[in-house]
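Chains as they are written, first to last, in this note's numbering: chain H, 2 to 274; chain L, 2 to 274; chain D, 2 to 274; chain V, 2 to 274.
Hints in this document: simulated from the structure, not taken from any laboratory.
Keep in mind that this is a model prediction, so the values were computed, not measured.
Ideal placement from N, C-alpha and C gives every residue a C-beta, glycine not left out.
One or more hints might be untrue.
Pair ranges (Cβ atoms, derived) [what the hints assert, rightly or not]:
1) I214/D - Y53/H: 32 to 42 Å
2) I66/H - K24/L: 46 to 56 Å
3) I214/H - G178/V: 27 to 37 Å
4) A54/L - I32/D: 48 to 58 Å
5) I28/L - K24/H: 25 to 35 Å
What the simulated footprint calls covered on chain D by chain V, stretch by stretch (three residues with Cβ under 8 Å from a Cβ of chain V suffice, anywhere in the stretch; the number is not a length) [unchecked claim]:
6) 74–82
7) 173–183
8) 199–209
Here is what each chain is made of, one letter per residue.
Number of protein chains: 4
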Amino acid sequence: MKKPSLRHRLHEIIYEADTPAGKVFDIVLLILIVLSVVLVMLESVSSIGLAYAALLNQLEWGITIVFSLEYIARILVVKKPWKYITSFFGIIDLLSLLPKYISFFFMGSGSLVALRALRLLRVFRILKLSRYIGESNFLMTALWASRVKIGVFLFAVIILCIIFGTIMYLVEGEANGFTSIPRGIYWCIVTLTTVGYGDIAPMTSLGRFIASIIMILGYGIIAVPTGIVTSEMTQQHKNPDTNTQACPSCMNETHLDDAVYCHNCGNQLNETT
Amino acid sequence: MKKPSLRHRLHEIIYEADTPAGKVFDIVLLILIVLSVVLVMLESVSSIGLAYAALLNQLEWGITIVFSLEYIARILVVKKPWKYITSFFGIIDLLSLLPKYISFFFMGSGSLVALRALRLLRVFRILKLSRYIGESNFLMTALWASRVKIGVFLFAVIILCIIFGTIMYLVEGEANGFTSIPRGIYWCIVTLTTVGYGDIAPMTSLGRFIASIIMILGYGIIAVPTGIVTSEMTQQHKNPDTNTQACPSCMNETHLDDAVYCHNCGNQLNETT
Amino acid sequence: MKKPSLRHRLHEIIYEADTPAGKVFDIVLLILIVLSVVLVMLESVSSIGLAYAALLNQLEWGITIVFSLEYIARILVVKKPWKYITSFFGIIDLLSLLPKYISFFFMGSGSLVALRALRLLRVFRILKLSRYIGESNFLMTALWASRVKIGVFLFAVIILCIIFGTIMYLVEGEANGFTSIPRGIYWCIVTLTTVGYGDIAPMTSLGRFIASIIMILGYGIIAVPTGIVTSEMTQQHKNPDTNTQACPSCMNETHLDDAVYCHNCGNQLNETT
Amino acid sequence: MKKPSLRHRLHEIIYEADTPAGKVFDIVLLILIVLSVVLVMLESVSSIGLAYAALLNQLEWGITIVFSLEYIARILVVKKPWKYITSFFGIIDLLSLLPKYISFFFMGSGSLVALRALRLLRVFRILKLSRYIGESNFLMTALWASRVKIGVFLFAVIILCIIFGTIMYLVEGEANGFTSIPRGIYWCIVTLTTVGYGDIAPMTSLGRFIASIIMILGYGIIAVPTGIVTSEMTQQHKNPDTNTQACPSCMNETHLDDAVYCHNCGNQLNETT
Numbered sequence: 002m003k004k005p006s007l008r009h010r011l012h013e014i015i016y017e018a019d020t021p022a023g024k025v026f027d028i029v030l031l032i033l034i035v036l037s038v039v040l041v042m043l044e045s046v047s048s049i050g051l052a053y054a055a056l057l058n059q060l061e062w063g064i065t066i067v068f069s070l071e072y073i074a075r076i077l078v079v080k081k082p083w084k085y086i087t088s089f090f091g092i093i094d095l096l097s098l099l100p101k102y103i104s105f106f107f108m109g110s111g112s113l114v115a116l117r118a119l120r121l122l123r124v125f126r127i128l129k130l131s132r133y134i135g136e137s138n139f140l141m142t143a144l145w146a147s148r149v150k151i152g153v154f155l156f157a158v159i160i161l162c163i164i165f166g167t168i169m170y171l172v173e174g175e176a177n178g179f180t181s182i183p184r185g186i187y188w189c190i191v192t193l194t195t196v197g198y199g200d201i202a203p204m205t206s207l208g209r210f211i212a213s214i215i216m217i218l219g220y221g222i223i224a225v226p227t228g229i230v231t232s233e234m235t236q237q238h239k240n241p242d243t244n245t246q247a248c249p250s251c252m253n254e255t256h257l258d259d260a261v262y263c264h265n266c267g268n269q270l271n272e273t274t
Numbered sequence: 002m003k004k005p006s007l008r009h010r011l012h013e014i015i016y017e018a019d020t021p022a023g024k025v026f027d028i029v030l031l032i033l034i035v036l037s038v039v040l041v042m043l044e045s046v047s048s049i050g051l052a053y054a055a056l057l058n059q060l061e062w063g064i065t066i067v068f069s070l071e072y073i074a075r076i077l078v079v080k081k082p083w084k085y086i087t088s089f090f091g092i093i094d095l096l097s098l099l100p101k102y103i104s105f106f107f108m109g110s111g112s113l114v115a116l117r118a119l120r121l122l123r124v125f126r127i128l129k130l131s132r133y134i135g136e137s138n139f140l141m142t143a144l145w146a147s148r149v150k151i152g153v154f155l156f157a158v159i160i161l162c163i164i165f166g167t168i169m170y171l172v173e174g175e176a177n178g179f180t181s182i183p184r185g186i187y188w189c190i191v192t193l194t195t196v197g198y199g200d201i202a203p204m205t206s207l208g209r210f211i212a213s214i215i216m217i218l219g220y221g222i223i224a225v226p227t228g229i230v231t232s233e234m235t236q237q238h239k240n241p242d243t244n245t246q247a248c249p250s251c252m253n254e255t256h257l258d259d260a261v262y263c264h265n266c267g268n269q270l271n272e273t274t
Numbered sequence: 002m003k004k005p006s007l008r009h010r011l012h013e014i015i016y017e018a019d020t021p022a023g024k025v026f027d028i029v030l031l032i033l034i035v036l037s038v039v040l041v042m043l044e045s046v047s048s049i050g051l052a053y054a055a056l057l058n059q060l061e062w063g064i065t066i067v068f069s070l071e072y073i074a075r076i077l078v079v080k081k082p083w084k085y086i087t088s089f090f091g092i093i094d095l096l097s098l099l100p101k102y103i104s105f106f107f108m109g110s111g112s113l114v115a116l117r118a119l120r121l122l123r124v125f126r127i128l129k130l131s132r133y134i135g136e137s138n139f140l141m142t143a144l145w146a147s148r149v150k151i152g153v154f155l156f157a158v159i160i161l162c163i164i165f166g167t168i169m170y171l172v173e174g175e176a177n178g179f180t181s182i183p184r185g186i187y188w189c190i191v192t193l194t195t196v197g198y199g200d201i202a203p204m205t206s207l208g209r210f211i212a213s214i215i216m217i218l219g220y221g222i223i224a225v226p227t228g229i230v231t232s233e234m235t236q237q238h239k240n241p242d243t244n245t246q247a248c249p250s251c252m253n254e255t256h257l258d259d260a261v262y263c264h265n266c267g268n269q270l271n272e273t274t
Numbered sequence: 002m003k004k005p006s007l008r009h010r011l012h013e014i015i016y017e018a019d020t021p022a023g024k025v026f027d028i029v030l031l032i033l034i035v036l037s038v039v040l041v042m043l044e045s046v047s048s049i050g051l052a053y054a055a056l057l058n059q060l061e062w063g064i065t066i067v068f069s070l071e072y073i074a075r076i077l078v079v080k081k082p083w084k085y086i087t088s089f090f091g092i093i094d095l096l097s098l099l100p101k102y103i104s105f106f107f108m109g110s111g112s113l114v115a116l117r118a119l120r121l122l123r124v125f126r127i128l129k130l131s132r133y134i135g136e137s138n139f140l141m142t143a144l145w146a147s148r149v150k151i152g153v154f155l156f157a158v159i160i161l162c163i164i165f166g167t168i169m170y171l172v173e174g175e176a177n178g179f180t181s182i183p184r185g186i187y188w189c190i191v192t193l194t195t196v197g198y199g200d201i202a203p204m205t206s207l208g209r210f211i212a213s214i215i216m217i218l219g220y221g222i223i224a225v226p227t228g229i230v231t232s233e234m235t236q237q238h239k240n241p242d243t244n245t246q247a248c249p250s251c252m253n254e255t256h257l258d259d260a261v262y263c264h265n266c267g268n269q270l271n272e273t274t
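With the hints as extra help, turn the sequences into a complete structure.
This is how it looks when you write it as structure tokens:
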């Protein structure tokens, strides 16, 4: 048996999380990602950003260099580098490096904060941690299975908001903060979703009456997405539990996961993995 | 086989979405509807409405003429024109045309915004898109099946709001914004539905104590509509379980998954896979 | 067969809703109750209360006299008058009459609005309408079956609010509106239940961080009462559907409600009522 | 049969709730705990705290002495005193006594309110009341079984808030209250959880558009934790269905309701009623 090459070993460390070295790599990367996110946040707080500007800058450079090395390593190690570079995470990886290097040439380019914000997308990497995959798959499958229903529901909500927003614009008028239909719709979304900022609130009696209807509607309507997702999840919950094996004698298919004998005819069931 | 008449073909295009031409027609109409809704919105934003008044007016005329042609085509093509004209969508179609023509004769009639708002109702048309029908039927059936329960619940909520609104009016008084019982009820709905604008908020200790009770009540009560709709949906989800086989003798279709004999006529059911 | 006495007939009309006359009586009473509630509301709106004082007073007298006659009739007709008088509805009925008569002797006694508010409790009468009983029983049974669980949950919520409210009082201090622990608790309830008035809001960074935790907690915790009620309702939903009859031959108990033959052995099932 | 020693009897009274004396002890303790919590609250209300300072101080001393005696009794009575002292409730018990004694030596040490707040944790004691244990176990098991799913969900919510908070910081800017990324994230949590204080609210059109998306997202996302907990609870509700019979041969207790043979050892199960 050939000893695995360095490139193969590096591939294992960087792209997989099964080996101890791979796990350490993932955790170090995770910490660096969180640290870089915290740095971006602290920099935005003006009092901290000004007082510790030099320190933050140095830390930022350190993280950027480590991420640069990681990016180069990923390209060198993978078999199809171009596929990685053009993948979602490849683009994110690159975009999380660029802002710092660009800022080296163009000082004070504040709009690059936007680009730097993309570094946050690296956070999604940790979703790869294997132990959660089974569970998040469960969530994703439930949401995916009910996507059309949720789509219909959201569509109905938006139509409701457009109609009620227009009505409130007509009823309340510009004097009470409903200066345009889009603002009326914005207010209606704020109300229907039970957020309720209070920056715009109805002032007339009729407006308050309509607002009450919208609120009760929003209070009742929230049951719909909940019902959709819950019934989908209950469905999925039920399936894995039984139905995994059929009795070879009577074809009964409702066996518990750990059943050894058929509960219907008493015959032994096939071995399960 | 006779070639279908022009009228028959037009009927297929306008009223059905199964043929390619019918789909194109539906999509073009959908885009026009969305565009006309956006136009109404933009017009209401005073800065845009004034600057681009002429352009908006021209676009509005264009859409109105297209909708007029569609309206006439629908009347000509359908077998019972009067039935269409007096139908819900027939009235909506007409109402979405009238405001523009009326505005031609009576300039500056601002209250016609109300009529123009009806054009938004045309948006409901897209609900006809066939692929969503199965799913929205599912939602509608679940909501319809639980209509009495939801009615009882909403009725209880309104009674609660009337009682607590009156109590708060007595406790807080006019000095703290609770100027009348209807306003107290409005505040109670805002609180119970967890919207919470904050335009009216209790100021006295007793008022805040009662408000806390209302909030916790509202927080707990939201479980009720959710429970109703969810259990109804789970129920419907399960029903397909009983619909997989039809009795070869009496055609009854509601059999349990493990049924061997028809529960209606006693005949043996076909083997299931 | 003896002709029923007038008293017996009146009893049927007043206390039951099965006969046409009883239904009419209930509906007339319902309308009067709603009307009297609306009158109380309108009176509280100062602009209306002053302008139409005389009219409102006359209508109020009219309703009070009708309710007085109803009260007397109920006492005369019922077999055990004292039991009615001391019952919940008997007390409500009396309390809804008294304020007007008292106001006749003591003019301008504003605090009687409180007593008049009790008239609202008459609204609960309509819950007696027979057709809703089956459904509201369903709700009540589900809520009653989960009362201990909901009690434990509400208890946990209140403890959480006391602890977090005290912490916020310590963190934010009196300068930021958290003038006492009760107010901190009030703020915490407002936040945890996702009402969020905004009359008191955290100002310090630490306070906002804790507030964020409370909000996410409240957002997640709402799943608990919903889960309790939903699983209870789903449970109840399931029971009536099957299990109502057992096959006299094979004792199988999972039959659909309308099953005539056993789906397991093909034997005929017993007649159901 | 030996008469139980005083120490044994005291142990029964203090640590158990099965005997009448034990129940009385628990209830008295419960009342004292609630009273001490109310005292801490009242003291914090400046108007009451100043007017009744002497009375509150005396009551506080009374409760502290009773709790001290209880603490000493608990140590003397229990077999392994050190285990109790270092246990969660042992530390809480001690911490609820210390502040008052410390305040005796160091007058006016306001920060001890923090320590005194720990006395609130004594409230958790009542969770020991035996009758609720079965029910709260149910809740705990459901929450514990779905801890990974809820963890993944909360993680996704936090990532969403970081990303949208940063975007809103860029879009709205410091002029509209979004003075830093952490504040943007705070605002995003307030919005996504549908709390909506309104202390920070978007002012620009683009900001309001993004806010609308966040609100609808938050309105829809709330279905996920609800779905998780509900399906878990429904699952647990259902398990008793499989627990009604035990195999007479292997004692396995997880049989489906209609099982005839044990799915574990193939033996025939007992007839069920």
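Hints, verified against the model:
1. A hinted range of 32 to 42 Å is violated for the C-beta pair I214/D and Y53/H, which are about 26 Å apart.
2. Between I66/H and K24/L the C-beta distance comes to about 55 Å, which sits within the given range of 46 to 56 Å.
3. The hinted window of 27 to 37 Å between I214/H and G178/V holds, with their beta carbons roughly 31 Å apart.
4. Take A54/L and I32/D: their Cβ atoms lie about 51 Å apart, and the range 48 to 58 Å holds.
5. The hinted window of 25 to 35 Å between I28/L and K24/H is violated, with their beta carbons roughly 51 Å apart.
6. Proximity of the stretch 74–82 of chain D to chain V, defined as three or more residues with a beta carbon under 8 Å from a beta carbon of that chain, is not established by the 0 residues found.
7. Against chain V, the stretch 173–183 of chain D contributes 5 residues with a C-beta closer than 8 Å to a partner C-beta. That satisfies the three-residue criterion, and the hint holds.
8. Here's how the stretch 199–209 of chain D fares: 4 of its residues keep a CB closer than 8 Å to some CB of chain V, so the rule of at least three is met and the hint holds.
In summary, the numbered hints that this structure violates are 1, 5, 6.
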